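Visitor: Those protein sequence lines, which keep their order, are chains A and B. Numbering-wise, the working numbering puts 26 at position 26 of the first sequence, and it's gapless, one number per residue. Numbering-wise, the working numbering puts 78 at position 78 of the second sequence, and it's gapless, one number per residue.
Derived from the structure by calculation, the hints contain no laboratory data. Each hint should be verified, as a subset may be incorrect.
Unchecked claim - Looking from chain A toward chain B, a few residues come up when the C-beta cut is under 10 angstroms (computed):
(1) G8
(2) P90
(3) I93
(4) V168
(5) D171
(6) V174
(7) E175
(8) E176
(9) A178
(10) T180
(11) G182
(12) A183
(13) T187
(14) P195
Stated by the list, open to error - Computed footprint of chain A on chain B, listed as stretches where at least three residues anywhere in the stretch have a Cβ under 8 angstroms from a Cβ of chain A:
(15) 20-31
(16) 50-59
This structure is a prediction, so every number in the text was calculated from the model and none was measured. Glycine residues also receive a C-beta, built at the ideal position from the N, C-alpha and C atoms.
Each chain, written out:
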Amino acid sequence: MTFLTRSGDKIFHIAIIGLAALAFLELIVPLASVIWVSFFENKIINFPPKGYTLDWYANAWNMPRFREGFLMSLKVGFVATMVSMLVGVPAAIFLARTQFWGREMIQTILLGPLIVPGIVAGSALFMFLIGFEVATGVQIAQTFAGLCLAHSLIALPWTIRLVTASLVGMDRQVEEAALTLGARPFTVFRRITLPAIRPGIFAGGLFAFVISFVDLEKSLFLVGPGSTTLPIAIINYLEWSIDPTIAAVATVQIAAITLVMVVTDRFFKLTRAF
Amino acid sequence: MSSITLNKVTKRYGSLVTVDALDLEIDQGEFLAFLGPSGCGKTTTLRMIAGLTIPDGGSIHFGNREVTDLPPYLRNAGLVFQGYALFPHMTVAENIAFGLEMRKVDKRDIEPRVTEALRLVRMDHLADRLPRQMSGGQQQRVALARAIVYRPDALLLDEPLSALDAKLRHEVRTELRALQKDLGLTTVFVTHDQDEAISVADRIVVMSNGRIEQIGTPDGIYERPANRFVAEFIGTSNFLSGSMDGKDRFKLASGEVIGFGHVGAGSEKSTISIRPEQIRLRAPSTKPRAGVSGNEIGATVESIIYRGNMTEIVVGAGAQRLTVHQQNGFGRGVPEFEPGQAVVLEWSPDAAVLL
Ligand SMILES: Nc1ncnc2c1ncn2[C@@H]1O[C@H](COP(=O)(O)OP(=O)(O)OP(=O)(O)O)[C@@H](O)[C@H]1O
Ligand SMILES: [Mg+2]
């Protein structure tokens, strides 16, 4: 009897490890092959490669559209992150800590961007901005400001969600204890609440950046001359040619995101935010 | 340090009246214990005194100062939460220093005061630990030190020793009591441990369903309970039913007529309460003891249970069953009686309370 149970445990154990390994492979193989392909010598992508080279990286760097797209994506990502933090953190605190009519509804609406297809959201925003331009004469669509606005909107729900989650997970009595010890509400926020939700805030900022950095669909209509982002530069290039240049660009993109994550992780353990 | 006065303080949650028009006066420097079953409103009352919960009605004063609508940070109360509520990102010493910092105490004075508070709760060796690196009992002691260190006007303790083992609990409560007396801290102490309440409190408040059942000194509450709830909640008691026989005699259901020394607060007057240790047993052939005449009934021994410091004897008298506690010691401890034996129960009239 005991033996049977033990062997059952063992099978269960192996199954769990096997499935986990499978999931991990599924995630890592496409990434790894993109990076691999970026070093292939042959122009037509086929296996096995004839040899290895760094030429595609030089090639990509020499194309202004990739260089400028990369810088533009960094800039927009930075602005979107800042805006979504400045707006998102207070909004999350308000949503998590105040009881008011319609609170649940707002929280559901915040899930919207995760549900509505990006291409639909992008075209809707585009039409809105055009309407705005017709009414006021101020052009926002196809400007840098418009792009930043759109990316802030994409990133905001993520920031609010993550910060709200860390606020909800926090022990309210700790804040109450600080109040009874003589701390005024703002002091409580600064000394007690903020340190407790810091991981959530960092994670929220990180997500805001990554979401903005990789966004394609919502930006498609909004980019204009001189404000093309990296994902759009990639899709434009792919329309005409497919060679390892694109893999090299993608590898740089992956490296940039990894760098942001590693740097964030140095300040606090990202896993604590989830 | 000030007195605390609650005047018709009420709190409702939906249709549930959690605290029902509570009137309470706590003297300056008094150590008051709150006793009552789970959910009777002890924590809610404490939170209203601390300012964390706003009453729906009534008023609260610290001395002459009305604090009913004052936010917690302006009250100068110290609260130990049932769940400790330590600051997770601060060390033990930083936790304790927080209240002093908020009071703008000079930096050089903070350290010695923190050390002193830590010594009181026997935690001076763990000053640099984080809360998550400590056991429940250790965290609880830090919470206590944090609330005491700035000498609050009202020290509010919500089961502050519940996570400690019996020995440490005894030690810390003795020290706490000494310090409280020294500093004259007005203290409200919630506990589920009636022995603890009886042995440390100046007065005890027994609560149930958001109301006060009785307020009194430990001996007053124990020896003269106001009603059956108090008599049952504090210690154990025997209840004999019957009815009044004239003005100062009571006729038991079994027909015997007995006297009583005290009358409870209720109007029923249909029960006599006698503590188990107040009853003496004797064989029917022996003479009654001096001073107990007229308060005796016949009974039969049903079972005898040896319980270390005392022996518990259960007897049947008519349809009722009574418990008698006989102190052991001075050579006693060997039962003088045996099951099935006919005995006489006797007690001093003072020990019987009419409820
Ligand atoms: N915030 C709240 N919302 C709704 N009901 C509440 C709230 N706080 C307390 N109550 C209710 O009020 C009643 C009294 O609660 P309270 O915490 O004061 O009890 P207690 O005497 O401290 O109990 P315990 O000994 O278990 O700690 C309970 O029935 C509880 O469910
Ligand atoms: Mg409680």
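Visitor: With reference to the structure, classify each hint as holding or not holding.
Guide: So, going through the hints one by one against the coordinates:
Of the supplied interface hints, the one on G8 of chain A is violated, with its beta-carbon coming no nearer than about 36 angstroms to a beta-carbon of chain B, more than 10 angstroms. Of the supplied interface hints, the one on P90 of chain A is violated, with its beta-carbon coming no nearer than about 21 angstroms to a beta-carbon of chain B, more than 10 angstroms. The criterion of a C-beta within 10 angstroms of any C-beta in chain B is not met by I93 of chain A, whose closest approach is roughly 18 angstroms, and the hint is violated. With its C-beta approaching chain B no nearer than about 16 angstroms, V168 of chain A sits outside the 10 angstroms limit, and its interface hint is violated.
Annotation: D171 of chain A was flagged as interfacial toward chain B, and the flag holds, the nearest CB pair being 7 angstroms apart, inside 10 angstroms. Here the hint on V174 of chain A is kept, as its CB sits about 5 angstroms from the closest CB of chain B, short of 10 angstroms. About 9 angstroms separates the beta-carbon of E175 of chain A from the nearest beta-carbon of chain B, less than 10 angstroms, and the hint is met. At a threshold of 10 angstroms, the smallest CB-CB gap from E176 of chain A to chain B is about 5 angstroms, leaving the interface hint in force.
Satisfaction of the interface hint for A178 of chain A is found here, the shortest Cβ-Cβ separation to chain B being roughly 7 angstroms, below the 10 angstroms cut-off. A least Cβ separation of about 5 angstroms between T180 of chain A and chain B falls short of the 10 angstroms threshold, and the interface hint therefore holds. Hint status for G182 of chain A relative to chain B: holds, with the closest Cβ pair at about 4 angstroms, below 10 angstroms. For A183 of chain A, the shortest C-beta to C-beta distance to chain B is roughly 5 angstroms, which falls under 10 angstroms, so the interface hint holds.
Given the 10 angstroms rule on beta carbons, the hint for T187 of chain A holds: about 7 angstroms separates it from the nearest Cβ of chain B. Given hint, P195 of chain A at the interface with chain B, holds; its Cβ is 5 angstroms from that chain's nearest Cβ, closer than 10 angstroms. Taking a C-beta to C-beta cut-off of 8 angstroms, the region 20-31 of chain B contributes 0 residues in contact with chain A, too few for the three needed, and the coverage statement is violated. Coverage of the region 50-59 of chain B by chain A holds in this model, with 3 residues showing a Cβ closer than 8 angstroms to a Cβ of that chain against a need of three.
Violated hints, in rising order: 1, 2, 3, 4, 15; the structure is consistent with all others.
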